[in-house]
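Asker: One-letter residues, chain by chain:
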Amino acid sequence: MYAGGATNITAFEAMKYENVYFSGMDLRHDVHGENTPKFENAEALSYPDNSFDYAVMCAAIHHTSLPNKVITELYRVSKKGFLVIEAKDSFLMRIAGKLGLTEGYEVAGNFKAHGVNGTDIPNFIFRWTEREVEKTIFSFAPHVTHRFQYRYYSNYPDGHGFGVMDRILCKLLKPVYHLFVLLLPKQQNSMAFYVRKPSVPEDLKPWLYFDKENNEIKVDRDWIKTKYSKKLSR
Amino acid sequence: MSDNQSKSQSDMNGLARIYTSALEDFIPDKKGKVLVCGGGNKYNSV
Numbered sequence: 054m055y056a057g058g059a060t061n062i063t064a065f066e067a068m069k070y071e072n073v074y075f076s077g078m079d080l081r082h083d084v085h086g087e088n089t090p091k092f093e094n095a096e097a098l099s100y101p102d103n104s105f106d107y108a109v110m111c112a113a114i115h116h117t118s119l120p121n122k123v124i125t126e127l128y129r130v131s132k133k134g135f136l137v138i139e140a141k142d143s144f145l146m147r148i149a150g151k152l153g154l155t156e157g158y159e160v161a162g163n164f165k166a167h168g169v170n171g172t173d174i175p176n177f178i179f180r181w182t183e184r185e186v187e188k189t190i191f192s193f194a195p196h197v198t199h200r201f202q203y204r205y206y207s208n209y210p211d212g213h214g215f216g217v218m219d220r221i222l223c224k225l226l227k228p229v230y231h232l233f234v235l236l237l238p239k240q241q242n243s244m245a246f247y248v249r250k251p252s253v254p255e256d257l258k259p260w261l262y263f264d265k266e267n268n269e270i271k272v273d274r275d276w277i278k279t280k281y282s283k284k285l286s287r
Numbered sequence: 002m003s004d005n006q007s008k009s010q011s012d013m014n015g016l017a018r019i020y021t022s023a024l025e026d027f028i029p030d031k032k033g034k035v036l037v038c039g040g041g042n043k044y045n046s047v
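The listed protein sequences derive, respectively, from chains A and B. When the letters of the first sequence are read in order and numbered with our numbering, they come out as residues 54 to 287. When the letters of the second sequence are read in order and numbered with our numbering, they come out as residues 2 to 47.
It is possible that part of the hints are untrue.
Claimed, not checked - Each computed DSSO-like pair below joins lysine-lysine, with the alpha-carbon atoms no more than 27 Å apart:
1) B:Lys-34 to A:Lys-122
2) B:Lys-31 to A:Lys-69
3) B:Lys-34 to A:Lys-69
4) A:Lys-151 to A:Lys-239
5) B:Lys-32 to A:Lys-133
Stated by the list, open to error - Simulated restraints on C-beta separations:
6) A:Leu-222 to B:Pro-29: 14 to 22 Å
7) B:Asp-26 to A:Phe-92: 25 to 33 Å
8) A:Lys-265 to B:Asn-14: 27 to 35 Å
9) A:Lys-132 to B:Glu-25: 14 to 22 Å
10) A:Leu-152 to B:Glu-25: 45 to 53 Å
11) B:Glu-25 to A:Glu-266: 37 to 45 Å
12) A:Leu-119 to B:Thr-21: 26 to 34 Å
13) B:Thr-21 to A:Leu-232: 38 to 46 Å
14) A:Glu-187 to B:Pro-29: 17 to 25 Å
15) B:Pro-29 to A:Gly-216: 39 to 47 Å
16) A:Lys-151 to B:Lys-31: 37 to 45 Å
17) A:Thr-125 to B:Asp-26: 17 to 25 Å
18) A:Val-229 to B:Thr-21: 22 to 30 Å
19) A:Trp-260 to B:Asn-14: 22 to 30 Å
Everything labelled a hint here was simulated from the structure, so no lab data went into it. Ideal placement from N, C-alpha and C gives every residue a C-beta, glycine not left out.
Given only the sequences and the hints, what does the whole structure look like? Please build it.
Answerer: As structure tokens, then:
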């Protein structure tokens, strides 16, 4: 499965990172010999919590059947934060979809084991919004305040897999697209998001506190009483 | 190389540029222990 595999090596070699552990979602261990990284199910990573300083995933989450679960796994195994690069959901992308200029399912680029969960079945292209990222993390770790950072990019299609008319339309619309995203950068088709892992007790929600003696997070009922006493007495 | 592999290769170049730029912005610590989850291999598969 391609799913960002070769891009991972290219990017990390170019950037000269020193302590990188590559894992792959390709079940076909036999086809790549010694170049096959350790197999990992991204929806249930085998590593304990906080095993790595950072976790990174590029253009692969949309090949899984549980994309939200994958980002909670990246959150769980990282100590400082995690980075994801994926397609961006936006008004412009939905228009492009209606015009047939982009796919909802990854059919045109499909080849062996390039579908959902390493199968041949073409995967749905899960495009993210900022709010989806935040809601997923808020639900997974509601005890702390998070910090999210985003960058937006354009990866304009080159027309491969399109019919002749669509390819011409794609070329004609290219300057329009670039002008549009110059004015509204969040409408670009790719997004990187970085979620910084909060610290405990510094980033705990104000209604919680850290009980050092028992080494656990507890609810500050006095804080709740003070904050909501007026509302509760109504 | 098939059409599909050729497509992936051309996509990958744009993606690699985005990737390196995002790494530079968000993870400047090059000595940190990094887990990379992703595709299968160093080479595009068939």
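Asker: Against each hint, give a clear statement of whether it holds in the structure.
Answerer: Against the structure, the hints:
no., hint, result
1, B:Lys-34 to A:Lys-122, "holds (22 Å)"
2, B:Lys-31 to A:Lys-69, "holds (7 Å)"
3, B:Lys-34 to A:Lys-69, "holds (13 Å)"
4, A:Lys-151 to A:Lys-239, "holds (19 Å)"
5, B:Lys-32 to A:Lys-133, "holds (13 Å)"
6, A:Leu-222 to B:Pro-29: 14 to 22 Å, "violated (40 Å)"
7, B:Asp-26 to A:Phe-92: 25 to 33 Å, "holds (30 Å)"
8, A:Lys-265 to B:Asn-14: 27 to 35 Å, "violated (52 Å)"
9, A:Lys-132 to B:Glu-25: 14 to 22 Å, "holds (20 Å)"
10, A:Leu-152 to B:Glu-25: 45 to 53 Å, "violated (34 Å)"
11, B:Glu-25 to A:Glu-266: 37 to 45 Å, "holds (43 Å)"
12, A:Leu-119 to B:Thr-21: 26 to 34 Å, "holds (28 Å)"
13, B:Thr-21 to A:Leu-232: 38 to 46 Å, "violated (26 Å)"
14, A:Glu-187 to B:Pro-29: 17 to 25 Å, "holds (24 Å)"
15, B:Pro-29 to A:Gly-216: 39 to 47 Å, "holds (44 Å)"
16, A:Lys-151 to B:Lys-31: 37 to 45 Å, "holds (43 Å)"
17, A:Thr-125 to B:Asp-26: 17 to 25 Å, "holds (23 Å)"
18, A:Val-229 to B:Thr-21: 22 to 30 Å, "holds (28 Å)"
19, A:Trp-260 to B:Asn-14: 22 to 30 Å, "violated (49 Å)"
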